[in-house]
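Undergrad: Here is what each chain is made of, one letter per residue.
Number of protein chains: 4
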Amino acid sequence: MTKSRVEAFTDGVIAILITILVLDLHAPTATSWAALGELGEPFFAYVVSFIAIAIYWNNHHHLYQTVKKINGAVLWANTALLFWLSLLPFATAWVGEHLTAFLPELVYAVISLMCGLTYNLLNRCLVSVNGPQSSVAVISRHDRKRWLSLLIYLIGCILTLLWPLAGLGASLVVSVLWFIPNQRVEQEFK
Amino acid sequence: MTKSRVEAFTDGVIAILITILVLDLHAPTATSWAALGELGEPFFAYVVSFIAIAIYWNNHHHLYQTVKKINGAVLWANTALLFWLSLLPFATAWVGEHLTAFLPELVYAVISLMCGLTYNLLNRCLVSVNGPQSSVAVISRHDRKRWLSLLIYLIGCILTLLWPLAGLGASLVVSVLWFIPNQRVEQEFK
Amino acid sequence: MTKSRVEAFTDGVIAILITILVLDLHAPTATSWAALGELGEPFFAYVVSFIAIAIYWNNHHHLYQTVKKINGAVLWANTALLFWLSLLPFATAWVGEHLTAFLPELVYAVISLMCGLTYNLLNRCLVSVNGPQSSVAVISRHDRKRWLSLLIYLIGCILTLLWPLAGLGASLVVSVLWFIPNQRVEQEFK
Amino acid sequence: MTKSRVEAFTDGVIAILITILVLDLHAPTATSWAALGELGEPFFAYVVSFIAIAIYWNNHHHLYQTVKKINGAVLWANTALLFWLSLLPFATAWVGEHLTAFLPELVYAVISLMCGLTYNLLNRCLVSVNGPQSSVAVISRHDRKRWLSLLIYLIGCILTLLWPLAGLGASLVVSVLWFIPNQRVEQEFK
Chain A
32 MTKSRVEAFT DGVIAILITI LVLDLHAPTA TSWAALGELG EPFFAYVVSF IAIAIYWNNH
92 HHLYQTVKKI NGAVLWANTA LLFWLSLLPF ATAWVGEHLT AFLPELVYAV ISLMCGLTYN
152 LLNRCLVSVN GPQSSVAVIS RHDRKRWLSL LIYLIGCILT LLWPLAGLGA SLVVSVLWFI
212 PNQRVEQEFK
Chain B
32 MTKSRVEAFT DGVIAILITI LVLDLHAPTA TSWAALGELG EPFFAYVVSF IAIAIYWNNH
92 HHLYQTVKKI NGAVLWANTA LLFWLSLLPF ATAWVGEHLT AFLPELVYAV ISLMCGLTYN
152 LLNRCLVSVN GPQSSVAVIS RHDRKRWLSL LIYLIGCILT LLWPLAGLGA SLVVSVLWFI
212 PNQRVEQEFK
Chain C
32 MTKSRVEAFT DGVIAILITI LVLDLHAPTA TSWAALGELG EPFFAYVVSF IAIAIYWNNH
92 HHLYQTVKKI NGAVLWANTA LLFWLSLLPF ATAWVGEHLT AFLPELVYAV ISLMCGLTYN
152 LLNRCLVSVN GPQSSVAVIS RHDRKRWLSL LIYLIGCILT LLWPLAGLGA SLVVSVLWFI
212 PNQRVEQEFK
Chain D
32 MTKSRVEAFT DGVIAILITI LVLDLHAPTA TSWAALGELG EPFFAYVVSF IAIAIYWNNH
92 HHLYQTVKKI NGAVLWANTA LLFWLSLLPF ATAWVGEHLT AFLPELVYAV ISLMCGLTYN
152 LLNRCLVSVN GPQSSVAVIS RHDRKRWLSL LIYLIGCILT LLWPLAGLGA SLVVSVLWFI
212 PNQRVEQEFK
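Chains as they are written, first to last, in this note's numbering: chain A, 32 to 221; chain B, 32 to 221; chain C, 32 to 221; chain D, 32 to 221.
A few of these clues could be false.
[To be verified] Stretch-level coverage of chain B by chain C, calculated; a stretch enters the list once three of its residues show a Cβ under 8 Å from a Cβ in chain C:
(1) 37-44
(2) 111-118
(3) 123-132
Please keep in mind that the hints were generated in silico from the structure rather than gathered at the bench. A quick note: this is a predicted structure, and the numbers were derived from the prediction, not measured. Glycine is no exception: its CB is placed at the ideal position from the N, C-alpha and C atoms.
Bound conformation, chain A alone (with noise of 0.2 Å):
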């Protein structure tokens, strides 16, 4: 099975994902500094989920480049990654409405969680498709970036009981953790 594929088909779904976000930001109907402040809180939500789907599509690029075969399991966990992705544009627009609310917050960062397991669920099927001593594996095998992630997205469930912005919180630091992408990969291919 060619993974060309399905690289086009997750670079497409990640591209109009990070694009359709913007529709839920709306021009106000005034055109008063005040209008434009009241878009101060749905423009955070907004950046936080621009970076945070940006960085999964940087992380994804670097994930295939060392990939040699897929499988079928592999397709089904690239399509649950895709699938709790798809549903950040609709908690982005929530929590960008309700920016100190618990319910949207939560519902947040239960998604970024969820990315968070798919995208390590993805990183295992291909890790177990291409064999232990693949490129891929070698990679994986210490990288703690992933695990300290989802840690960090548990948090972020827990703490919106007490302060709900900690939802877009858990992931603004996800996102300042992987902002340098894995040196392992990039040495690699050197």
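Following the hints, complete the assembly by docking chains B, C and D onto the known chain A.
TA: Quick look at chains B, C and D alone, frame taken from chain A:
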């Protein structure tokens, strides 16, 4: 004629279809569990359609892998499939708002059936242009799943008269049936 | 300059245009046959535009197959074609709500005419850069269908004064004309 | 690292951005010339943004043609450019409704300036990773158009205080400036 641009265009349309489904999942105005609960039915319809479209992409991917030649008839059968798939977001939005109403479920079931029929038509056109000795012909010969799917969609259409949910139900049953891609294709490419 | 990225960008834009057409097919609030029936006119406009855009993609696909070189003029003619195609979802939404009104049909007909004109411009630019001995020049030389299409669009514009439906009608007639792709192209590539 | 997936992802995002612009061109409820005339201002803003985004795609296309290597910094500069471009549909919708209002025009001008700045940043990152002897460095060395564009955007921002239309105006002037792609790139590839 090259198949790669047809694949790319189909990937593009399917990627957009699967993504704009989420545009009908509107963020609630309130932030209560009750407000979130009201999204239960649209979300169920969303999941069913997401899986259905993902499976069409998956099968399309597998089908074209075995293909050597395409012609004008293939292009039009492919367009007909995309046309019926393009109506799924509309049907999903309607059925999601009225999960137990007869007419939305019937419309959903009929559109599902038409997607299945045009997929079969596309398969037949590909076999016809590649000849009876081609990989695509050999793999398609004993493929009873395609005919079973059409039967399930048809039964779904009829059952909506008694039990409206049969519309989405038929789509779910077919998805389970197709969840594992055709083993013959994978073996052929080992 | 490579033609592949122009093809990919054009495929992307056309795939999105053909897909967002469906966003104007709003799910009815009721679940009666009468409510569904009210979608008849928007649906008719949807089908006409879907076929028209599919044919533009199809012809664009065939046209570029024969092309060896592109330049800046080709890029701009291609962009002009995409600009006029991008207005079709707007015109389709308007005409679908007012199927027998003069102005929406005239606007639809004029946009159709502009799509046809810019497609001809693109064809001419491709012939010019590839030279009179190129495949694209040979195939284009006796291609009366392109001029006939422009004439039909123009007649459509004028006829809307007497019979508004001529706007969508002209598009349908041209679609029938183009349904079978240029035989010369297929023969050239046998 | 391969540049082709970055190109594909960028093409996808830009294709979607240029297409969803049209979603803010709402079909009028009436069918009179007056109703159509009210679309004049949103349509003008639509045309200006369509051309601006088309030029960014065009220049991005030319820029990457000369590129051999990319790295993480290029990926992030590319993402920053896409972020600012992704705000153009929002700004276009707002400015289209209030063509002569100060704040929407200022926001449009500032977003245009940020697009220009991130494009320059991307160019600089590409030069840095490919080295001073690379094609991209040679072509970029004497490219005064990029700096002139930034100056025009900046003047546009300031002029909106006196003459609001300077926001869209600056974008139009820059578009005229870039209409003809960099001659040096084309010559390099002859």
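Undergrad: Taking the earlier hints as the rules, which of them does this structure contradict?
TA: As far as the earlier hints go, not one is violated by this structure.
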